[in-house]
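Visitor: Following the hints, put chain B in place on chain A, whose structure we already have.
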Amino acid sequence: GAGVSQSPSNKVTEKGKDVELRCDPISGHTALYWYRQRLGQGLEFLIYFQGNSAPDKSGLPSDRFSAERTGESVSTLTIQRTQQEDSAVYLCASSQRTSGGELFFGEGSRLTVL
Amino acid sequence: GEDVEQSLFLSVREGDSSVINCTYTDSSSTYLYWYKQEPGAGLQLLTYIFSNMDMKQDQRLTVLLNKKDKHLSLRIADTQTGDSAIYFCAERARDSNYQLIWGAGTKLIIKP
Chain A
133 GAGVSQSPSN KVTEKGKDVE LRCDPISGHT ALYWYRQRLG QGLEFLIYFQ
183 GNSAPDKSGL PSDRFSAERT GESVSTLTIQ RTQQEDSAVY LCASSQRTSG
233 GELFFGEGSR LTVL
Chain B
16 GEDVEQSLFL SVREGDSSVI NCTYTDSSST YLYWYKQEPG AGLQLLTYIF
66 SNMDMKQDQR LTVLLNKKDK HLSLRIADTQ TGDSAIYFCA ERARDSNYQL
116 IWGAGTKLII KP
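Residue numbers (this note's numbering), protein chains in the order written: chain A, 133 to 246; chain B, 16 to 127.
The following block holds chain A by itself, in its conformation from the complex (with noise of 0.2 Å):
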């Protein structure tokens, strides 16, 4: 597709669960970001990959969340044990650039943890 598209765009679970989030970016997009809004606040920076580099973890807020992403394709976001404080909306990113490119992001996936 043109855009970057998320799945689910909703997804209910039972606290205790584990979920998993996809992201697929714009082809030829090497940057790739996930962050986590919740209501009324800004968004929250998660991980970021770039290429073939480590990526960067340093957002992630525990380690009940992980991500995978392999090379410059679909990545997931990982959220193990799901807690009530996890429900949020994820928003994926890609860019084109490492600095100072424009992020395209998808329609988020909006997590909700009974």
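The set of hints was computed from the structure by calculation and includes no laboratory data.
Some hints here could point you the wrong way.
Covered stretches of chain A, as calculated for chain B (at least 3 residues, CB under 8 Å) [unchecked claim]: (1) 177-188; (2) 236-245.
Taking lysine-lysine pairs in the DSS-like style, the calculated list, with each CA pair at most 27 Å apart, reads [said to hold, decoys possible]: (3) K122/B x K71/B; (4) K71/B x K82/B; (5) K82/B x K143/A; (6) K83/B x K51/B; (7) K71/B x K83/B; (8) K122/B x K143/A.
Yeah, the Cβ is synthetic: ideal placement off N, Cα and C, and Gly gets one too.
Guide: Structure of chain B alone, referenced to chain A:
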């Protein structure tokens, strides 16, 4: 730490000018951005300004930067219903060429 602050809501009448304000803390920011999020869509880059500029104008949009007060504003002239969206301010994080610090977004509400 670095922080970006915005009001959560702004209500204006159709045809009036909208001014969305943002304050930031990092005086060494090189780039500051405005992104727009329409209902059901992802964030899209609206405009940006480099820190050596005071003003940037693009059709109905005017960005003003006051570095002394660390204040950024976005003015939308002749506001239309299609301008209804959430507007996010962001600054380039200190010592990073890829991290952005984001505000919470200002929801622009247009009254008829």
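Visitor: Take the hints in turn and mark each one as holding or not.
Guide: Results of checking the hints against the structure:
no., hint, verdict
1, 177-188, "holds (count 4)"
2, 236-245, "holds (count 5)"
3, K122/B x K71/B, "holds (22 Å)"
4, K71/B x K82/B, "holds (14 Å)"
5, K82/B x K143/A, "violated (42 Å)"
6, K83/B x K51/B, "holds (26 Å)"
7, K71/B x K83/B, "holds (17 Å)"
8, K122/B x K143/A, "holds (25 Å)"
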